[in-house]
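Read off the chains here:
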Amino acid sequence: MKETQKSSLSAIIRKHEGDILAEWSRLQSAASSRRDPAQDAEQRTVSREFLTGMVQALGAEGDVDIRGASWSRVRELLGELSAARARQGYSPSETATFVFSLKQPLFARLRAEITDPAKLADEFWSATMLIDALGLYTTEAYQKSREDVISRQQRELLELSTPVVELWEGILALPLIGTLDSSRTQVVMESLLEKIVSSGAELAIIDITGVPTVDTLVAQHLMKTVAAARLMGADCIISGIRPQIAQTIVHLGVDLSQVTTKSSLADAFIVALKRTGSRIEVGTPVANGGAVVTNGAAA
Amino acid sequence: MERIPILRMGRFLLVTIQVDMHDQLALTLQDDLTERIVKERAKGVLIDISSLDVVDSFIGRMISNIAGMSRVLDAQTVVVGMRPAVAITLVELGLNLAGVRTALNVEKGMALLQGAAP
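These protein sequence lines map, in sequence, to chains P and E. Our numbering runs 363 ahead of the 1-based position in the first sequence. Our numbering runs 5 ahead of the 1-based position in the second sequence.
Rather than coming from a laboratory, the hints here were simulated on the basis of the structure. Note that CB positions come from ideal geometry on N, CA and C, so glycine has one too. Hints may be right or wrong, so weigh each one.
Claimed, not checked - In silico DSSO-like cross-links for lysine-lysine, where the CA-CA straight-line distance does not exceed 30 Å:
#: 1; chain 1: P; residue 1: Lys507; chain 2: P; residue 2: Lys378
#: 2; chain 1: P; residue 1: Lys637; chain 2: E; residue 2: Lys48
#: 3; chain 1: E; residue 1: Lys113; chain 2: E; residue 2: Lys44
#: 4; chain 1: P; residue 1: Lys637; chain 2: E; residue 2: Lys113
#: 5; chain 1: P; residue 1: Lys558; chain 2: E; residue 2: Lys113
Stated by the list, open to error - Selected chain P positions facing chain E (Cβ under 7 Å, derived; list incomplete):
#: 6; residue: Leu556
#: 7; residue: Glu557
#: 8; residue: Gly563
#: 9; residue: Lys587
#: 10; residue: Ala590
#: 11; residue: Ala591
#: 12; residue: Leu594
#: 13; residue: Met595
#: 14; residue: Gly596
From just these sequences and the hints, can you work out the full model?
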């Protein structure tokens with residue numbers, strides 16, 4: 364009894380495939396605020412493939428469990444569609460409407476074909492379950508591809524945001540931008556230490572102008588970085604401490620007495636130059652307006 | 006038995022750790038080094054750990070202890086060539102080696118010792 368019911372759903376879809384497809388596409392376009400002929404054509408192709416896949420999946424065993432092997436083609440289709448829509452900036456409900464708008468044409472055909480009320484109710488129920496499951500699957504796939512985008516962006520941000528620049532022979536600068544958390548601190552620390560080894564620099568200036576807030580955790584991360592650099596034989600200067608942050612640090616009771624701190628990168632650079640025994644002399648301006656640089660004993 | 010060689014360079018002692026440190030080796034080094042500092046009347050000790058890529062808390066404390074003992078015997082200790090991974094490990098272990106001087110390489114470490122001990 365059950366088998367014949369299931370196969371009747373697929374038989375009805377197969378019989379009225381053209382009609383269902385046309386009505387479904389019309390409903391999809393009505394639900395969507397986007398107007399793009401190329402996308403409409405693509406949507407029709409996907410819709411047709413989806414219906415075919417559905418008939419095949421249903422026809423095989425009358426199987427309505429969409430996690431089953433016979434539904435793999437349909438799942439794949441929905442996955443691709445959701446990922447594409449997530450990239451194009453569709454909202455989750457717009458994406459799920461693709462599946463849910465199939466209900467109306469499908470139910471209309473069911474009502475026309477099946478006369479027995481009990482059987483009709485059964486068919487409605489199984490069709491509803493099926494479409495709901497497919498709709499939920501779409502939303503999940505959409506969500507997953509959005510999360511992939513976010514984690515990829517986080518990774519890229521991590522790579523972008525930790526440059527170590529060589530300011531002078533033996534002087535490195537590490538301009539930190541954005542909030543410092545444990546994973547970022549790890550990357551920052553590693554790249555700074557690697558650079559200290561490769562350049563043989565004895566001084567590193569950590570500039571925190573771009574760090575929006577400094578709490579005890581961030582301060583602890585900074586102290587760790589300074590301690591690790593010191594263990595390797597390099598000194599650190601922390602610069603770019605804004606008045607607000609200086610107040611916060613003192614209120615929190617963070618002890619930065621072991622570290623040289625300067626309010627601006629320029630001040631830190633002067634200290635670093637003195638320690639390495641270099642100095643910059645301001646001479647009469649030349650054509651390119653530059654300052655005259657000499658290397659030698661500290662002033 | 007395996008030992009870490011201690012070389013003399015003028016008034017300073019040079020220790021280069023080129024094998025994996027295990028606990029017994031570290032203890033032997035501690036004994037040998039203190040003996041030599043007294044015998045040679047050394048003014049400074051330079052420990053090169055650039056070949057060391059694994060440390061644990063015991064070895065970390067050993068380095069710190071050696072520095073403390075040398076100071077008592079009137080010799081400055083400089084640890085040179087620590088690798089980034091080792092430095093991160095020691096910091097995560099909470100060993101900041103307070104009182105130990107550090108330098109990037111042997112050359113800079115020697116300059117530091119010569120500057121410190123007139």
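So, going through the hints one by one against the coordinates:
Taking the CA atoms of Lys507 of chain P and Lys378 of chain P, the gap is near 35 Å; set against the 30 Å cutoff, the hint is violated. Among the hinted pairs, Lys637 of chain P with Lys48 of chain E is consistent with the structure: their alpha-carbon atoms are about 28 Å apart, no more than 30 Å. The straight-line distance between the Cα atoms of Lys113 of chain E and Lys44 of chain E is roughly 26 Å, inside the 30 Å bound, and the hint therefore holds. At most 30 Å may separate the alpha-carbon atoms for a hinted pair to count; Lys637 of chain P and Lys113 of chain E meet this at roughly 18 Å.
Under the criterion of a C-alpha separation no larger than 30 Å, the hint pairing Lys558 of chain P with Lys113 of chain E is consistent with the structure, at around 17 Å. Proximity of Leu556 of chain P to chain E holds as hinted, the smallest CB-CB distance being about 3 Å (cut-off 7 Å). At about 6 Å, the closest approach between the beta carbon of Glu557 of chain P and any beta carbon in chain E falls short of 7 Å, and the interface hint on this residue holds. Residue-level restraint check for Gly563 of chain P holds (minimum Cβ-Cβ distance to chain E is 6 Å; threshold 7 Å).
Hint status for Lys587 of chain P relative to chain E: holds, with the closest Cβ pair at about 5 Å, below 7 Å. At about 5 Å, the closest approach between the beta carbon of Ala590 of chain P and any beta carbon in chain E falls short of 7 Å, and the interface hint on this residue holds. Look at Ala591 of chain P: its Cβ gets to within about 4 Å of chain E, closer than 7 Å, so that hint holds up. Interface hint at Leu594 of chain P: satisfied, since its Cβ lies 4 Å from the closest Cβ of chain E, which is below the 7 Å cut-off.
The closest approach between the C-beta of Met595 of chain P and any C-beta of chain E is roughly 5 Å, which is under the 7 Å cut-off, so the hint is satisfied. This hint holds: Gly596 of chain P has a C-beta 4 Å from the nearest C-beta of chain E, less than the 7 Å allowed.
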